[in-house]
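Following the hints, complete the assembly by docking chain B onto the known chain A.
There are 2 protein chains.
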Amino acid sequence: MLQESSVDSSGSRFAPLVVLELASDTKEEAITWLLSRIRDRQQNGGAELLVEQLGPGIGVKEKENPNMFLVGASMQRLLCGAEDLGLFKECTDGSMRAFTFASKHNFKDFKGDGDSFLSMAECQYVIKHELDTLRAKEETNVPGYSHAKLYPGKSIIRRLLSKGILIQMFPLHEKEELKRLSFSWYKKVKLSLQPLDDIRHYYGEGQALYFGFLEYFTFALVPMALIGVPYYLFDWEDYDKYVVFAVFNLVWCTVILELWKRRSASLAYYWGTLCRKKAFEEPRPGFHGVLGHNPVTGRAEPIYPTSKRHLRVYLVSLPFVLLCLYLSLYVMMIYFLMEGWALSIYDENPTFWTHILLFIPSIIYAVVIEAMNLIYRYAAEFLTEWENHRLESSYQNHLVLKVLVFNFFNCFASLFYIAFVMQDMELLRQSLATLLITSQILNQFTEAFLPYWLQRRRNKKMIRKVQKRRMYEEKELPLVEQVRLEADMSTYLGTFDDYLELFLLFGYVSLFSCVFPLAAVLVVLNNITEVYSDAFKMCRVFKRPFADPAANIGVWQLAFEAMSVIAVVTNCALIGMSPQVRSYFPESETQLILCTVAAEHVLLGFKFILTFLIQDVPKHIQDKLARLEFESLEALKKKKMLEASQLSKTIQ
Amino acid sequence: MLQESSVDSSGSRFAPLVVLELASDTKEEAITWLLSRIRDRQQNGGAELLVEQLGPGIGVKEKENPNMFLVGASMQRLLCGAEDLGLFKECTDGSMRAFTFASKHNFKDFKGDGDSFLSMAECQYVIKHELDTLRAKEETNVPGYSHAKLYPGKSIIRRLLSKGILIQMFPLHEKEELKRLSFSWYKKVKLSLQPLDDIRHYYGEGQALYFGFLEYFTFALVPMALIGVPYYLFDWEDYDKYVVFAVFNLVWCTVILELWKRRSASLAYYWGTLCRKKAFEEPRPGFHGVLGHNPVTGRAEPIYPTSKRHLRVYLVSLPFVLLCLYLSLYVMMIYFLMEGWALSIYDENPTFWTHILLFIPSIIYAVVIEAMNLIYRYAAEFLTEWENHRLESSYQNHLVLKVLVFNFFNCFASLFYIAFVMQDMELLRQSLATLLITSQILNQFTEAFLPYWLQRRRNKKMIRKVQKRRMYEEKELPLVEQVRLEADMSTYLGTFDDYLELFLLFGYVSLFSCVFPLAAVLVVLNNITEVYSDAFKMCRVFKRPFADPAANIGVWQLAFEAMSVIAVVTNCALIGMSPQVRSYFPESETQLILCTVAAEHVLLGFKFILTFLIQDVPKHIQDKLARLEFESLEALKKKKMLEASQLSKTIQ
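In the order they appear, the protein sequences are chains A and B. Its first residue numbered 2, the first sequence is counted upward by one per residue in this note's numbering. Its first residue numbered 2, the second sequence is counted upward by one per residue in this note's numbering.
Okay, chain A solo, but in the shape it has when bound (with noise of 0.2 angstroms):
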């Protein structure tokens, strides 16, 4: 599977497959100590895996940083991993199960010694685990940092990352299975679908997952594209045409979303995530507290009580969201203030240089709020620490429902202010084109061109690295060289902001396509090219990330849900606006008013009814997880007989 073993310090051969960095001052006691916990076997608290130190690079450099190290296992420590996480595997006969060691001949895969039974992304899964749950005993500190104080059950790693002892672990790249996968993902040039089985095999659910709802989504856009293009064609300033479309609309994006729930669970029951129990959680690095015992687990750990949490979500964060909620409206009516100015001077002065200050207004709007995103960005993470969450999940939660409100609030109040205050259709839709056609080209500028311009710094690195290289001898790269280039590659900070990206696209489409019958298209077309540029940073941007067995697409299914129901309202908003309707109530505008709301409150019924009917997960799949919960209760049962039957025969 590697295409390179290494000598470990027992002497004994193994496959590297996690990058341990610690901080080039680390003190040797302290190194010496964590290895050896790394090593101690299990019985006695340690981790049982194997590491050992990275070589010095081929041009020593001062520069380079001696204590890397890489951690494997043999294989039969990782197949008792896996079973302690719980990981589904397929078994022979088609079914999902946790994988034991006990019964490992009935997994499909299994061959062997088991060689390739788990993926890479799963080993390196395991050994992520491992050492995430190495414990302290009884140290009260890492030897040699009196301040990096430790108690019985922390985690050692999560002290010496909270630390900066422990600088970053992260796991290795596979060269010639990303040669195969990028090839088969991106290199080719005709279209078929991604191989989202190979995607998940390399970098785990989380990432194929995101892989899979951005190729849904495309594909969910094209019946609204294929409408689009002939209202553009023939209808373009009819805009009052479009009710039909915008129910079209609002029903396509209530299916889309259901149908995905669908598909995601499908996805996930193959990917074996779908019924995998959760373990227990970690706190996060960051979290602190004074030492007490947690009540579920009964293991030391900083606590801190909720109800403070609560205090400094409701009195700080939330009033800050809300100040800067009411800051990005109060820029944006500048905004329209400036505008209106500057028609005022052109309309009074037609001139080359008035013509050019018509843009003026829109270009510091724009500025501004791409500032204001940005320290936003900044504030909402710093708020997010102080919170203090305990687990990592809640931490995520709350900065991206911050992040959400914010985003959503800078991209749509301009135009909810246009269509609804403003009632002006037209400008409603050139803002609506701007805006859509300015963020894909710059959106395509920084994931394509930027990660191109990165990738020919580190070619040329390499190409030096090769040159000095070539002078020893004439083999590939070697692992060494291979794991310092990844260690300076950059980290992949998740798919927060390629959500958030598809989210606000999603926006365009659904919130205000009836006038603009063409972002469909556009929103097609980006996608596409997200592909692409999304799967070339991915295999040759950024360190590989470790893999997310995760079972859905969390909080993003939820806020793709939220957005569809405030589209019910815009788009009956629209309509209920449209000439067209306005000319069946030509005395009464109360009537129009009162019909349109008990349209929309029809439709939204209609669509929490079809929320409903919809079951979320496949009926086959449904049958499947019932058969396993049935399964296990038989055997319990059977299992109980048994010993009944042996007590009373011990009896007798």
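Simulated from the structure, these hints should not be mistaken for laboratory data. None of the values given here were measured: they were computed from a predicted structure. Worth double-checking, as some hints may not be accurate.
Note: identical chains are not told apart, hence a pair may lie in one copy or across any two.
[As the list claims (entries may be wrong)] In silico DSS-like cross-links for lysine-lysine, where the CA-CA straight-line distance does not exceed 30 angstroms: (1) Lys309 <-> Lys262; (2) Lys176 <-> Lys538; (3) Lys105 <-> Lys278; (4) Lys640 <-> Lys129; (5) Lys640 <-> Lys105; (6) Lys164 <-> Lys461.
Chain B alone, transformed into the frame defined by chain A:
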């Protein structure tokens, strides 16, 4: 625990728990076969229960059915059955755990042989479960009944029930405990909380949750009633002052429903039903289809395609329900026409007779509505039966939904019409008061008077029997007579009608109470009497029902929440229509409507956010559940580690 024990055929005494009544003309071979299957050992596929025929009554009558059987079990068998069912019990450390026979001494109330460990209701539930899961082996039909087909795996009891060979199966009352319960429940005059734990102990969790909900609902309405009284006393005619009341109303409705979820989770946790895993559900007795294999259990069982059921639901039941709703609407319109016509006659010629004529339309309408309700109920039951649901729970849900929608429509359509089409607040208040008071009197009549009358009839019968008995002996009513007496009692049909009544009362309070603030007061009074009449009904009128280990109030939670969403809409509309609010928008009605709609959307959004923010399960119970899961994971891990170390030792 039981006042009397009986001697079974093998000579050992046993406490009878459940009665099986077979048809009086059941063939001897069927009886012999059934009894042997019930008595057979579990290893041979029997139920391993004790069963005995009930002797003839004292005054021998030809009418008496000789085929009555008493079923009981040894304590060890009951404990094993409880383990199979996964009953949760309190441990010595205060947590709730699934009972296992092996760890029986860890449980708090387990003393000696465990005689009083299981409540009688639990024992009866165990026996019911064992009888229900008694399956056919090689039999192709019930002996003596060639039309009562059997196949391996078919539940024998369900086939006997569906063929009418088994008339009924019911658990016995326990006179002493019932006397104690009824005393503390409804015979005391002083106001106190209901003995929910005792109710649960005697009737099971489903019943206890109903009474818990009734009590909670009553207390939750007290603040509304307290606010309502001064409104009623000081501002009777100024309903425009009720804006504040309406806002309070809809926030309150949301909050109480959310808090009930928490209370319900607490109750269910301490009653052990919150985390109990449901056993695989058997098909209901009436379910039919082509014999096939269940995809989950692999057992032979009738298969009926889901698509066919969907066709029946969407193409027959749904149109039928809509037609009935239309019919109900039509009848309502005729009622309003008649009312207008009667009023015009009275206005023309106001005599005594024309004054009486004024009441005629209401009376006719009330009678027609009642008749329609009755017919519709039968039609709904027939249709839901015909839809051929596999599970009892699915059958119940479809039936509840059908009946709910129609009853909601019948009760509230006229109020909606008066409020929003006629916009006559005075009439709305009158109608609401009339409906509430009439339905209350009717309910108390049917729920308190009727039971009292039945009770008197029963008393007479009993006195007759006792007089007869006096000729023989001077002891208590013997078991034989008790069983025959209980067999004649009416069967309790579940909490459906009780919940429906609460649902409609909740509707009156939440939808329109801002125009009639006394509604909450009336409902509180009604609920207090309801507790007494329901308690009386349960203890004295009906056969004891089997316990139903429910963890929540199920589909009713959803129904109440749907009602509270509708309440937001109606209350906002009523507020928007109030003169007080109208006076803020003297010129533009459009502005008023837009503001009302905006406020409504904000409130609905707020309501959904509140639903998310208030956690369904209190934190301390979440912790306990997490702890349980964590412990089972840890135990599994420890076991595996032990196995692995043993394995490595054997290898060495």
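Hints, one by one, checked against the model:
1. Lys309 <-> Lys262: between (36 angstroms within a copy, 24 angstroms between copies)
2. Lys176 <-> Lys538: within (15 angstroms within a copy, 76 angstroms between copies)
3. Lys105 <-> Lys278: So Lys105 and Lys278 pass the 30 angstroms test inside a copy (19 angstroms) and across (28 angstroms) alike.
4. Lys640 <-> Lys129: Between copies, since 23 angstroms is at most 30 angstroms while 35 angstroms is not.
5. Lys640 <-> Lys105: Answer is both: 21 angstroms inside a copy and 17 angstroms across each meet the 30 angstroms cutoff.
6. Lys164 <-> Lys461: For Lys164 and Lys461, the Cα distance exceeds 30 angstroms both inside one copy (35 angstroms) and across copies (85 angstroms).
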